[in-house]
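Colleague: With these hints in hand, go ahead and build the complete structure from the sequences.
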Amino acid sequence: MARTSTIKRRIIITIVAWGVGLVIFFPVLWTILTSFKSEAQAIADPPLFLFFDWTLENYSIVQERSDYMRFLWNSVIIAGFSTLIGILVGVPAAWSMAFAPSRRTKDVLLWMLSTKMLPAVGVLYPIYLLFIQLELLDTHIGLIIVVMMINLPIIVWMLYTYFREIPKEILEAARIDGASLKSEILYVLTPMAIPGIASTILLNFILAWNEAFWTLNLTAAKAGPLTAFIASYSSPEGLFYAKLSAASTMAIAPILILGWFSQKQLVRGLTFGAVK
Amino acid sequence: MRMKSTVIAASVLAFTVTFGAFMQSHAASVVSIATVNNGDMIRMQGLTDDFTSKNPDITLEWVTLEENVLRQRVTQDIATKGGQFDVLTIGTYEVPIWGNNGWLVSLNDLPSDWDVDDLLPAIRNGLTVDGELYAAPFYGESSMVMYRTDLMAKAGMEMPNAPTWDFIKEAAAAMTDKDNEIYGVCLRGKAGWGENMAFLTATANSFGARWFDENWKPQFDSEAWANTLNYYVDLMNNYGPPGASTNGFNENLSLFQQGKCGMWIDATVAASFVTNPNNSTVADSVGFALAPDNGLGKRGNWLWAWSLAIPAGSDATDAAKKFIAWATSKQYTELVASNEGWANVPPGTRQSLYANPAYQEAASFAAMTLNSINAADPINPTVDPVPYTGVQFVAIPEFAGIASQVGQEFSAALAGQQTVAEALEKAQALTADEMEAAGY
Numbered sequence: 016m017a018r019t020s021t022i023k024r025r026i027i028i029t030i031v032a033w034g035v036g037l038v039i040f041f042p043v044l045w046t047i048l049t050s051f052k053s054e055a056q057a058i059a060d061p062p063l064f065l066f067f068d069w070t071l072e073n074y075s076i077v078q079e080r081s082d083y084m085r086f087l088w089n090s091v092i093i094a095g096f097s098t099l100i101g102i103l104v105g106v107p108a109a110w111s112m113a114f115a116p117s118r119r120t121k122d123v124l125l126w127m128l129s130t131k132m133l134p135a136v137g138v139l140y141p142i143y144l145l146f147i148q149l150e151l152l153d154t155h156i157g158l159i160i161v162v163m164m165i166n167l168p169i170i171v172w173m174l175y176t177y178f179r180e181i182p183k184e185i186l187e188a189a190r191i192d193g194a195s196l197k198s199e200i201l202y203v204l205t206p207m208a209i210p211g212i213a214s215t216i217l218l219n220f221i222l223a224w225n226e227a228f229w230t231l232n233l234t235a236a237k238a239g240p241l242t243a244f245i246a247s248y249s250s251p252e253g254l255f256y257a258k259l260s261a262a263s264t265m266a267i268a269p270i271l272i273l274g275w276f277s278q279k280q281l282v283r284g285l286t287f288g289a290v291k
Numbered sequence: 228m229r230m231k232s233t234v235i236a237a238s239v240l241a242f243t244v245t246f247g248a249f250m251q252s253h254a255a256s257v258v259s260i261a262t263v264n265n266g267d268m269i270r271m272q273g274l275t276d277d278f279t280s281k282n283p284d285i286t287l288e289w290v291t292l293e294e295n296v297l298r299q300r301v302t303q304d305i306a307t308k309g310g311q312f313d314v315l316t317i318g319t320y321e322v323p324i325w326g327n328n329g330w331l332v333s334l335n336d337l338p339s340d341w342d343v344d345d346l347l348p349a350i351r352n353g354l355t356v357d358g359e360l361y362a363a364p365f366y367g368e369s370s371m372v373m374y375r376t377d378l379m380a381k382a383g384m385e386m387p388n389a390p391t392w393d394f395i396k397e398a399a400a401a402m403t404d405k406d407n408e409i410y411g412v413c414l415r416g417k418a419g420w421g422e423n424m425a426f427l428t429a430t431a432n433s434f435g436a437r438w439f440d441e442n443w444k445p446q447f448d449s450e451a452w453a454n455t456l457n458y459y460v461d462l463m464n465n466y467g468p469p470g471a472s473t474n475g476f477n478e479n480l481s482l483f484q485q486g487k488c489g490m491w492i493d494a495t496v497a498a499s500f501v502t503n504p505n506n507s508t509v510a511d512s513v514g515f516a517l518a519p520d521n522g523l524g525k526r527g528n529w530l531w532a533w534s535l536a537i538p539a540g541s542d543a544t545d546a547a548k549k550f551i552a553w554a555t556s557k558q559y560t561e562l563v564a565s566n567e568g569w570a571n572v573p574p575g576t577r578q579s580l581y582a583n584p585a586y587q588e589a590a591s592f593a594a595m596t597l598n599s600i601n602a603a604d605p606i607n608p609t610v611d612p613v614p615y616t617g618v619q620f621v622a623i624p625e626f627a628g629i630a631s632q633v634g635q636e637f638s639a640a641l642a643g644q645q646t647v648a649e650a651l652e653k654a655q656a657l658t659a660d661e662m663e664a665a666g667y
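Protein chains in written order, with the numbering used here: chain A, 16 to 291; chain B, 228 to 667.
For the record, the hints were derived by calculation from the structure and aren't laboratory data.
There could be a bad hint or two in this list.
Claimed, not checked - Below, a list of computed lysine-lysine pairs in the DSSO-like style, where the Cα atoms sit at most 30 Å apart:
(1) K131(A) to K23(A)
(2) K396(B) to K653(B)
(3) K653(B) to K444(B)
(4) K197(A) to K121(A)
(5) K183(A) to K279(A)
(6) K131(A) to K308(B)
(7) K487(B) to K396(B)
(8) K405(B) to K381(B)
(9) K237(A) to K281(B)
(10) K549(B) to K237(A)
(11) K487(B) to K281(B)
(12) K237(A) to K308(B)
Stated by the list, open to error - Some but not every residue of chain A turned toward chain B, in silico, with C-beta under 8 Å:
(13) E54
(14) I58
(15) P61
(16) R80
(17) Y143
(18) L144
(19) L152
(20) A235
(21) A246
All C-beta atoms, glycine included, are put in the ideal place defined by N, C-alpha and C.
Modeller: Put into structure tokens, the structure is as follows:
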């Protein structure tokens with residue numbers, strides 16, 4: 016009786032989980048499907064789900080019109096370097112907060128997080144003017160700095176949470192054995208926190224990849240990443256949804272593939288410390 | 228040894244920097260162009276080989292953005308002297324304001340074969356400030372009535388070339404068949420200064436309403452505005468599609484192409500979309516008429532021109548002028564015609580295009596587009612005198628912000644969230660506040 020009830024429960028949970036997953040994934044699926052339709056099919060009423068004349072024409076037009084590889088390369092550079100620098104800054108910061116906290120550590124953590132509470136547009140003009148003065152507009156380095164800075168609170172918070180799960184005694188033992196601070200972080204702490212660091216890297220890479228406000232406002236012809244590529248296909252005067260969907264699919268494909276291959280690592284990292 | 232390496236490294240670095248600076252100063256001019264994503268602009272990007280082959284010392288860089296994003300980006304860039312763009316795609320709202328501010332380079336010295344006198348007078352006037360042409364029109368548009376000839380015939384009516392608003396209401400009532408999801412009329416309802424307010428401001432002109440009197444006092448408390456908004460809300464509630472308060476250009480285009488609208492009053496540029504059999508299910512049964520009036524001497528049509536301008540402070544002004552002269556020339560029109568046919572040339576800017584028999588034959592909507600553009604008068608847009616220019620907008624910097632708020636009130640009235648009287652009262656109050664704060 017108890018076993019039947021457990022099986023029933025599992026079935027229900029599985030169905031609900033699949034249902035929720037499909038609801039979350041449906042907009043992405045719809046975008047992918049629309050990218051294979053003609054413009055007329057894209058706005059057909061009732062909407063066409065699977066039974067339509069599949070075409071690759073939109074991809075061909077998008078490829079012809081835009082230098083996709085340049086946008087992709089810009090995305091890789093901006094997301095990659097901003098994440099890398101963020102981790103290099105975030106690991107020592109999180110270490111000090113987790114293992115050498117002061118009376119104000121919690122306040123500092125909260126203050127860091129509070130920077131995420133301000134709408135980005137609130138600081139657009141100061142940053143824009145600063146970028147003009149420093150000649151950073153439409154440059155990789157400018158975007159790397161901005162994207163790194165806006166994701167840094169999340170990086171530090173995530174790493175701090177992971178580091179807090181590591182017993183202090185292990186680090187103390189390393190110190191007793193004569194390990195320097197550098198050796199302690201590099202050879203003791205980091206290997207133990209690899210799942211957490213990996214998931215922090217992955218999550219921040221995804222956030223940096225998808226960042227649209229700053230990348231649209233601070234770039235022009237040279238440093239625009241894939242978010243700028245998608246934006247160039249949006250039009251309030253003309254129904255170009257199929258082409259827009261093709262451009263969107265091309266923009267999200269690399270990050271979807273990366274997420275797919277690293278999902279185990281991502282899930283393990285995100286649930287690290289959640290179950291004791 | 229270490230000293231020697233340092234000297235060599237320093238020399239290499241110095242050479243690299245000097246050589247780089249030399250190359251940069253002697254490199255080809257780079258013209259960065261900010262533009263919108265629409266068919267004509269995208270077509271131009273595809274044809275730029277013609278320009279670069281004639282001007283090998285000029286390199287073109289394109290930044291294509293959605294209209295609202297583009298407007299915000301170029302405004303931000305020009306106001307802060309960011310210098311990211313050498314050619315801007317802007318409209319008839321921005322040109323007079325930016326020209327007055329000294330933000331744009333005069334284009335009065337474009338080559339004589341560019342033929343400034345060939346521009347349509349209404350379009351040219353909209354882009355000129357104190358005798359200086361600050362932008363070259365790439366394509367121009369007005370608004371007009373697009374209607375289903377088959378539904379009109381079925382209703383036993385005939386659309387006149389120049390209908391009145393009363394006729395539109397009568398025809399909408401006769402064409403509406405809600406059981407079969409056919410709505411007599413589709414109009415913009417989505418809030419925004421370039422969305423519902425473009426349509427309603429132009430409509431208000433034909434009802435004898437105006438935004439401000441000669442002393443810049445808001446006029447939403449006038450009877451003419453009450454008549455305008457009552458007509459619009461009543462028409463849409465009775466004969467419009469459901470959820471009209473969220474419909475903009477694209478939503479109505481989609482409805483019309485699917486055969487769900489009897490009439491649609493919107494931008495003339497839509498004519499090429501709704502008559503394209505690849506996308507429109509009603510392509511072979513579309514007719515055109517001038518925007519309606521109320522017999523007061525002003526029709527409810529607007530005037531807009533996407534134009535190319537050069538920001539003051541661009542470091543590639545000469546190259547930018549060459550590009551603009553090419554992109555807005557008669558020769559460019561011929562280039563598009565030879566590559567993609569006359570129906571695809573950018574419309575609404577030059578008189579010579581409308582005198583061209585090949586264009587008249589290829590574009591069934593050509594005559595109506597020209598008549599609509601000619602019927603708009605941005606200098607005297609209203610029945611009563613006003614202190615501003617602009618047909619569907621008021622060419623002052625504060626307008627976009629105010630009209631966006633007013634648009635929300637009017638959209639809420641259409642959605643039934645408040646009465647017309649309440650919407651007008653709020654519009655009057657907020658406009659008065661904003662204008663007072665702006666020092667008018």
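Colleague: Against each hint, give a clear statement of whether it holds in the structure.
Modeller: Outcome of the hint check:
1. For the hint pairing K131(A) with K23(A), the CA-to-CA distance comes to about 43 Å; that exceeds 30 Å, so the pair is violated.
2. About 27 Å separates the Cα atoms of K396(B) and K653(B), which keeps this hinted pair within 30 Å; it holds.
3. Taken as a hint, the K653(B) and K444(B) pair is honoured in the structure, with Cα atoms around 15 Å apart against an allowance of 30 Å.
4. Distance hint between K197(A) and K121(A) is fulfilled; the C-alpha atoms sit about 24 Å from each other, no more than 30 Å.
5. Among the hinted pairs, K183(A) with K279(A) is consistent with the structure: their alpha-carbon atoms are about 27 Å apart, no more than 30 Å.
6. Annotation: proposed proximity of K131(A) to K308(B) holds, straight-line Cα distance about 29 Å (limit 30 Å).
7. Restraint check for K487(B) and K396(B): satisfied, since their Cα atoms lie roughly 17 Å apart, inside the 30 Å limit.
8. With a CA separation close to 15 Å, the supplied pair K405(B) and K381(B) stays within the 30 Å bound.
9. With a CA separation close to 24 Å, the supplied pair K237(A) and K281(B) stays within the 30 Å bound.
10. Restraint check for K549(B) and K237(A): satisfied, since their Cα atoms lie roughly 22 Å apart, inside the 30 Å limit.
11. Simply put, K487(B) and K281(B) have alpha-carbon atoms about 48 Å apart, too far for the 30 Å limit, and the pair is violated.
12. The hinted pair formed by K237(A) and K308(B) meets the criterion: a straight-line CA distance of about 18 Å does not exceed 30 Å.
13. For the restraint placing E54(A) at the interface with chain B, the shortest Cβ-Cβ distance is roughly 5 Å, inside the 8 Å limit, so the hint holds.
14. Evaluation of the I58(A) hint against chain B yields a held restraint, the C-beta minimum of about 5 Å falling below 8 Å.
15. For P61(A), the interface hint is violated, since its Cβ never comes within 8 Å of a Cβ in chain B; the closest pair sits about 10 Å apart.
16. For R80(A), the shortest C-beta to C-beta distance to chain B is roughly 7 Å, which falls under 8 Å, so the interface hint holds.
17. Interface restraint check: Y143(A) against chain B, minimum CB-CB distance 6 Å, threshold 8 Å, status holds.
18. Because the closest C-beta pair between L144(A) and chain B is about 6 Å apart, less than 8 Å, the hint holds.
19. Restraint check, L152(A) versus chain B: the minimum CB separation of about 6 Å is within 8 Å; hint holds.
20. Below 8 Å, beta-carbon pairs count as interface contacts, and A235(A) has one with chain B at about 4 Å; its hint therefore holds.
21. Contact between A246(A) and chain B, as hinted, is supported at the beta carbon level, the nearest pair being about 6 Å apart and thus within 8 Å.
Hint compliance for this structure: hints 1, 11, 15 are not met, and every other hint is.
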